[in-house]
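Each chain, written out:
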Amino acid sequence: MSRQISDLSGKIDQRRFWMATLAKAAPADLEQAWSDLGLQPAFTRLRPAETGLVMVRGRISGSGQPFNLGEMTMTRAAVRIENGPTGFGHVAGRNARHAELAALFDALLQDPERHAALMAGVIRPLATRAADEKTRKASEVAATKVDFFTLVRGED
Amino acid sequence: MYVAVKGGEKAIDAAHALLARERRGDPAVPALDLTQIAQQLGRAVDRVMTEGSIYDPELAALAIKQAMGDLVEAIFLLRAYRTTLPRLAASQPVETDRGLVRRRISAVFKDVPGGQVLGSTFDYTHRLLDFALAAGTPLPDPVATSEPIGAAPRVADMLGRDGLIEPPPPGDAVPGDLTRQPIDFPADRALRLQNLARGDEGWLLALGYSTQRGYARNHPFAGEIRIVDVAVEIVPEELGFPVEIGEITVSECDMVNQFGGSATAAPAFTRGYGLVFGQSERKAMAMALVDRALRARELGEPIAAPAQDEEFVLSHSDNVEASGFVQHLKLPHHVDFQSELDLLRRLRAEHDQRKTAAE
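So the sequences go chain by chain: A and B.
Here my numbering is used: the first residue of the first sequence is 902, the next is one more, and so on.
Here my numbering is used: the first residue of the second sequence is 14, the next is one more, and so on.
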């Protein structure tokens, strides 16, 4: 039982990782990766791409009770490739093609026969690029770290 | 009373055509594109997203362009656009102690884990007009880099460990939403914060300033100011687990204020909180000051100053409502005014009669 649960949570964590990577990727990069696959599979749009709002919540003092901060745009889509699993895309912004590509990749990534190749060929390179960019920004910010000196006022 | 009028269509069309032409300016000068606005007028975009209450830099850039840089008008455009979109989800609360820290400073401790990082800031600039910028001088060499700071835990947690500061209000209750239900008074803190987050920066800045000048003094220190890229996660019904849809930049201010306490609770620092979209640190600080002032009732303080009066503060914070009500005065009030004029003439005639009779 506990083995099953940990397998399941491991699978969910993995799927969350690729879904997050797809959502944060530049749409042009996803388009490129999609055409590089050369698959052009037939698919059904279970939910055509739809743009709407997500209410973003914060917490009082950062870690207390939730409150509504304001909304952001999001586009979502759901697809099924042939008779395979359903793929979902939920991406910030208003780019319908981005949401659909995320959903298509999500569907393909759930296919055990394609999973490993897609992780190695698409998801990991996208994730590495995003991580490198984040490290670059963090390094620039780190250079602005200051040491304030306390000046002693008076003799004692 | 505003009475609908007919006619004027031709004049209105001409006025809008003139507006479009003036907005464009000299056609020989290249037009601004949205990427230029989003990247080079980032603080304007941040303000429009915060008070327009939609995080979408491209939409905010369009609103700024359309409004010719009139930010309150741009905020109005974003709010109007909002009504055309369905609400698809509410996010998990964002975790501001995680993610890429763009700036993080504390005015209460010199040494904090992760350190104090200035990030990109107007602070410590000399506020001298930079004519090199006007001349289009190329950028300086690539900026310096250093080993990333790593984890940057909340500064207030350092005080919290010893019980020196009040803990954040606990709980996971679904917060009220003033976009769904008009605000009722007294309003709870979550609703007040939603109102303040989308409230006019100038209004909050002035009210926050008033508390510092003695109208509800509460001795604030900037415990921590943090600008951070946070992940936004939703839990889609079909999936049942959290999915990240992207990252947004937020500015947060945790203001530490002088002590509260009671017969049962030992004295501890109290707090005010500010959180806004983008890099809008002045707004976050003002919001935190006003949040703290509005806690007067909860903390048993006398309500004597404007910043402590929640109905006054919250009912006048929205610049879309405020500008709508102020500007509706421009609309034809001909009938209304005619009746005022008739009344005034009658009063003056009566006054003259009384004066003549007395003589």
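The set of hints was computed from the structure by calculation and includes no laboratory data.
There's no promise every hint is true.
Stated by the list, open to error - Cross-link-like lysine-lysine pairs, in silico, BS3-like; alpha carbons within 27 Å at most: (1) LYS912(A) - LYS1035(A); (2) LYS19(B) - LYS1038(A); (3) LYS1046(A) - LYS19(B); (4) LYS368(B) - LYS23(B); (5) LYS343(B) - LYS19(B); (6) LYS78(B) - LYS23(B).
Stated by the list, open to error - Derived list of chain B stretches under chain A, where covered just means 3 residues or more per stretch with a C-beta under 8 Å from a C-beta of chain A: (7) 23 to 34; (8) 319 to 327.
We treat Cβ as the ideally placed atom computed from N, Cα and C, and that holds for glycine.
Hinted pair LYS19(B) and LYS1038(A), Cα distance within 27 Å: violated, 57 Å
For the pair supplied as a hint, LYS1046(A) and LYS19(B), confirm whether the alpha-carbon distance does not exceed 27 Å. Since the Cα atoms of LYS1046(A) and LYS19(B) sit roughly 63 Å apart, the hinted pair is violated (cutoff 27 Å).
Annotated coverage of the segment 319 to 327 of chain B by chain A, confirmed only when three residues or more have a Cβ within 8 Å: violated (count 0)
Pair hint LYS343(B) and LYS19(B), alpha-carbon separation not exceeding 27 Å: holds, 16 Å
Holds or violated: LYS912(A) with LYS1035(A), Cα cutoff 27 Å? holds, 26 Å
Coverage of the segment 23 to 34 of chain B by chain A, judged on three or more residues with CB within 8 Å: violated (count 0)
Given the proposed pairing of LYS368(B) with LYS23(B), does the C-alpha separation stay at or below 27 Å? Violated, at about 50 Å.
So if I understand the rule, the pair passes when the alpha-carbon distance is 27 Å or less; does LYS78(B) with LYS23(B) pass? holds, 25 Å
Of the numbered hints stated above, those contradicted by the structure are hints 2, 3, 4, 7, 8, listed in ascending order.
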